[in-house]
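Let's have the full structure, built from the sequences with the hints guiding it.
Chains as they are written, first to last, in our numbering: chain E, 1 to 331; chain H, 1 to 235.
It should be emphasised that the hints constitute simulated quantities derived from the structure, not laboratory data. A quick note: this is a predicted structure, and the numbers were derived from the prediction, not measured. There are no misleading hints in this set.
Each computed DSS-like pair below joins lysine-lysine, with the alpha-carbon atoms no more than 30 Å apart:
#1 E:275 - E:172
#2 H:116 - E:153
#3 E:113 - E:177
#4 E:275 - E:265
#5 H:116 - E:225
#6 E:153 - E:177
#7 E:172 - E:96
#8 E:15 - E:32
#9 E:113 - H:230
#10 E:14 - H:21
#11 E:172 - E:225
#12 E:15 - E:2
#13 E:8 - E:330
#14 E:265 - H:230
#15 E:177 - E:225
#16 E:8 - H:21
#17 E:96 - E:271
#18 E:275 - E:113
#19 H:116 - E:177
#20 E:265 - E:113
#21 H:230 - E:32
#22 E:113 - E:96
#23 H:178 - H:189
#24 H:21 - E:15
#25 E:172 - E:153
#26 E:15 - H:27
#27 H:189 - E:324
#28 E:324 - E:14
#29 E:153 - E:96
#30 H:27 - E:14
#31 E:172 - E:113
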Amino acid sequence: MKTPWYEKIASVDKKILYVIMFVVVMIPLLAKWTYNPDVMDEVQDIYDEVEEIYAYNLANPDAPMGILFSFDYGPSTSAELDPMMMSVLRHAFLRKIPVVTWVAFVDSIDLGKRITNFIAKEYGAVYGEDFVFMGYPYPMTAAVVAFGSDVRKFLVKDFYGNVSTDLPLLNKIYNYKSIGLIVTVSGTSMPRFWVTYANTLYGKKIATGTTAVSAADFYPFLQTKQMIGMMGGLRGAAEYEKLVYELETELIGTDTEMYMQSVYKQNTVQKWDTKVFTPGYTEEELREHISTRMTARTGMASQAAAHFFVIFLIILANLGYFFKRRAENKR
Amino acid sequence: MLFWYTVAVLLSLAIFSFLWKDNPLYKFAEHLFVGTMVGYTIVMVFSQIIMRKIVDPITLAVHNHQYLNLISLIIATLIGLLYLSRFSQKAQWVSRYPISITVGFWSGYAIVTSFKTNILTQVRGTVVDDMGAPLLNGELLGDFIKSPSWSSLDLAVSGPLLVFGVIVVLIYFFFSIKNENPMVRFANKPALLYLMLGFGASFGYTFMGRISLFIGRMNFIFNEWWPLLKQTIGG
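Next comes the structure, spelled out in structure tokens:
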């Protein structure tokens, strides 16, 4: 007897589905299709907050506000979270907002250092004056509380071993009074921790970037404004990436490659610490810097294809189930 | 650069090979990861905790003649060292001192802030919006009836839907045993609908997250490693 179609689809080997999913994901990726997302309010709010800090700094050049970036994720979620951290960092450096970064976990130390320096290099930012990397401020709760008074007493040295009080940036930005925004990018429940201590205790504004898996947990905090905005998963990253791309095009033009090279051609004085990054680019580095400007939007094209494929599978499986039940009832 | 990129690609493929079936390549990559991670953690804990939190502050305090600071650092370090008494069966009771100090200190910090963050502010957010206006606002419904539009409909129904959802889901969980009370029976169906919507959104997000990780690896292989390989081979 011929096996009906609904029996056949119920017994499809999962390896075949993996192969189809691989093909579905790869086509947009190899064809370099990009996704142009509509920016949702919760992402736009973060962007607007950074712009407000920029406007404040223009009006108060002697007492600027900085942004504290917390790398609250490890390499296991970097595919999803790197693009959003990179986008917000680019925004801050483009607007010359002082940047302080640190990491919440031991396995994030190199990741935090690499991404901070990677983006700072694009805009010729000088270590100690425009940005600092504080490493791993263990224990995290104590570090967050210490920022309420003077973080330099808790972190007497930065990641590179410089005494905190010797860094010009930390002499201006050493407590929450000079922090306009805290950006926590996390694959865990760390944003809740930031809300509990930095928002509830000190009233600081919290912007969150989170993995798609955790995004649904944080919507209640958005509704109560305990978080000012949220980038959820790769889609959130793609939205912020798009906003920063538009800003960058407006400020430095479309030829980013030429801009990045010109940063190190114009300056003959050696003001960059080679311990932090080497000025100038190799061809591979340039390619990497350019490609990371659209990682999330390229990824979202594959993501959309994968979602359509799964929706198709869900409909097909439900139809199969329906016909199977009908055939059984007839018998 | 190409060598390490290639190592990363081969390890990624070894991990993905588990999709086919468990195999020695997967086991090798898994063990390598665990070993590397432990080694990395030990080095980082030494350089970022022991050096940065004990050695550097003490050295600086001596250098700057801050003796009061030095004394407090030494006392804190000694109290911290009492944790190590757990290795001795005879002396492990001593470790209760640093544990009680840590628990006491952080409980004081956490209890009030957690209660305010997760309960008080959340309850307030279910009653009024961030501008202090009630979520059950008849005026907004009136505005929608006067000039119907998608935005006025959204404003009019989102508050009542949220309040209704919180109440029915709470009833559903509080009275999950068999209960013939008409209010409890009425709440069951809409509560299930709210829960299913919530689970559906979570599932969609979870799927998106997992695919994102796969896309990230494929992006690395085809858009970073492959061009580098082509460039190196092509000279």
